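Those sequence lines, one after another, are chains A and B.
Quick note: the first sequence uses the working numbering, first residue 598, plus one each step.
Quick note: the second sequence uses the working numbering, first residue 598, plus one each step.
Check each hint, because a few of them may be wrong.
Since the list gives no way to pick out one identical chain from another, each pair is judged satisfied if it fits inside one copy or across any two copies.
Claimed, not checked - Computed list of lysine to aspartate or glutamate pairs in DMTMM-like fashion (alpha-carbon distance at most 20 Å, straight line):
id	residue 1	residue 2
1	Lys-602	Glu-621
2	Lys-830	Glu-695
3	Lys-787	Glu-695
4	Lys-602	Glu-695
5	Lys-830	Glu-705
6	Lys-830	Glu-707
7	Lys-830	Glu-698
8	Lys-602	Asp-836
9	Lys-787	Asp-807
10	Lys-830	Glu-809
11	Lys-787	Asp-812
Note that these hints are calculated values from the structure, not bench results.
Note that the structure is predicted; figures quoted are calculated from it, not measured.
Residue-level listing of the chains:
2 protein chains.
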Amino acid sequence: MSASKLYVVGLGPGPASMRTPQAEAALEAANDLVGYGPYLARLPDRPGQRRHASDNREELDRAHLALTLAVQGRTVAVCSGGDAGVFAMAAAVFEAVEQGEPAWRTLEIEVIAGVSAMFAAAARLGAPLGGDFCAISLSDNLKPWELVLRRLRAAAEAGFVIAVYNPLSRARPWQLGAAFETLRAALPTKTPVAFCAAIGRPDEAIAITDLEHADPALADMRTLVLIGAPTTKVISRPDAAPWLYTSRSVAERA
Amino acid sequence: MSASKLYVVGLGPGPASMRTPQAEAALEAANDLVGYGPYLARLPDRPGQRRHASDNREELDRAHLALTLAVQGRTVAVCSGGDAGVFAMAAAVFEAVEQGEPAWRTLEIEVIAGVSAMFAAAARLGAPLGGDFCAISLSDNLKPWELVLRRLRAAAEAGFVIAVYNPLSRARPWQLGAAFETLRAALPTKTPVAFCAAIGRPDEAIAITDLEHADPALADMRTLVLIGAPTTKVISRPDAAPWLYTSRSVAERA
Numbered sequence: 598m599s600a601s602k603l604y605v606v607g608l609g610p611g612p613a614s615m616r617t618p619q620a621e622a623a624l625e626a627a628n629d630l631v632g633y634g635p636y637l638a639r640l641p642d643r644p645g646q647r648r649h650a651s652d653n654r655e656e657l658d659r660a661h662l663a664l665t666l667a668v669q670g671r672t673v674a675v676c677s678g679g680d681a682g683v684f685a686m687a688a689a690v691f692e693a694v695e696q697g698e699p700a701w702r703t704l705e706i707e708v709i710a711g712v713s714a715m716f717a718a719a720a721r722l723g724a725p726l727g728g729d730f731c732a733i734s735l736s737d738n739l740k741p742w743e744l745v746l747r748r749l750r751a752a753a754e755a756g757f758v759i760a761v762y763n764p765l766s767r768a769r770p771w772q773l774g775a776a777f778e779t780l781r782a783a784l785p786t787k788t789p790v791a792f793c794a795a796i797g798r799p800d801e802a803i804a805i806t807d808l809e810h811a812d813p814a815l816a817d818m819r820t821l822v823l824i825g826a827p828t829t830k831v832i833s834r835p836d837a838a839p840w841l842y843t844s845r846s847v848a849e850r851a
Numbered sequence: 598m599s600a601s602k603l604y605v606v607g608l609g610p611g612p613a614s615m616r617t618p619q620a621e622a623a624l625e626a627a628n629d630l631v632g633y634g635p636y637l638a639r640l641p642d643r644p645g646q647r648r649h650a651s652d653n654r655e656e657l658d659r660a661h662l663a664l665t666l667a668v669q670g671r672t673v674a675v676c677s678g679g680d681a682g683v684f685a686m687a688a689a690v691f692e693a694v695e696q697g698e699p700a701w702r703t704l705e706i707e708v709i710a711g712v713s714a715m716f717a718a719a720a721r722l723g724a725p726l727g728g729d730f731c732a733i734s735l736s737d738n739l740k741p742w743e744l745v746l747r748r749l750r751a752a753a754e755a756g757f758v759i760a761v762y763n764p765l766s767r768a769r770p771w772q773l774g775a776a777f778e779t780l781r782a783a784l785p786t787k788t789p790v791a792f793c794a795a796i797g798r799p800d801e802a803i804a805i806t807d808l809e810h811a812d813p814a815l816a817d818m819r820t821l822v823l824i825g826a827p828t829t830k831v832i833s834r835p836d837a838a839p840w841l842y843t844s845r846s847v848a849e850r851a
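Isolated chain A, as found in the complex (with noise of 0.2 Å):
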């Protein structure tokens, strides 16, 4: 039992190549790989490797199985996309962690960083996270809608550049033009607004507008939404997509 490890791994965007040489010996190590199935389908399959691929939205039952596995012996690989402590599988498995088994505390358990889908898609745009900024999930699953808003008009109010997860869904296909609603009320009209798909994979898709053209039917559940800071800037390019910045410099006094 000694031997056994938890590791909870940021897979990245997509490509391997996106991924660090840490994950990647984390998921050689393992004997158990669990997660989401389409980002388990991304991996390579290992001889002698077992796959517990489940659904979305099954966090916790994926981390109670994860370190059942892991009290019993094996080395185990929790698989989350992007880097695994932002909207992805760590808090699950420490919150699981907390209620449950004493010995699941005296588990080895290595969070290991990645790529997020939030700093690749900026990275396409340009440098539009350069200032201060924020990451907001926009389900309100977790939390009461009226706090998501009033976690935007904050953000927005304060001069945060907003990273959204989780725009909307089949069940809530309505919250990102409500999203957009609350923040015209607090940011001039010509903010900046990026839609980014699948970053880094063969689909990636990224569209550019500002908040009073930002159209919710440009996102679906696999996109991240960035919102510009009144310091974010657009620069045009000859033959190109223009690129995204927000100023380093804010002359502003609060």
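Fit chain B to the supplied structure of chain A, relying on the hints for placement.
Here is chain B on its own, set in the frame of chain A:
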């Protein structure tokens, strides 16, 4: 001239094991490396590759040099610690492009995302960024100090976990203490606070305390300070450092 390319590379927190293959390929392809001296010193020498090391706080000069070399037909890698887009070189490069020669807009510029200091620190602690979060640079070199305080207050009141970059320096040793004072007015005294220095490097050091006892003397310029939200919890462990995690759920009504 058509072969020239400018990479802006996120080196990650330090060790090669936390650097992506994409970043390594850019470093390998470059004729010229441009960056802060200590970051360049972490990279292996390559025959025929030129190094342009500069001091801290010379970001715009560094960006100008890199762009000038690139339009001359060189392949250039601007090297940033962590992720290049997070309080690092990407914003300086695009700021220089916006204000500089028209030819710079025709360059091929590729930003390569990396593992940021905040996500590497979070991974070491558990899952402190499990909910909505923000990142704030405490430096008032480029924005008014009143705005820094206003953002800290807004973030705390809205329930974001806060990652504090550039917490203090020799020129502004008092800022982190003032930030803690402001946060104490908005958050419970038992809110977890973590000081994370040199994550992933041999001199890595972590201290976990709470807002009541948070002592600015625990930080220097290399330290990332994480301030929990009201939903951030400490998981105690027998004979080991505690884990921090932020609950994915918020029961609070706005």
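For which of the previously enumerated hints does the structure constitute a violation, in increasing order of number? Going through the list in order, the structure violates no hint and respects every one.
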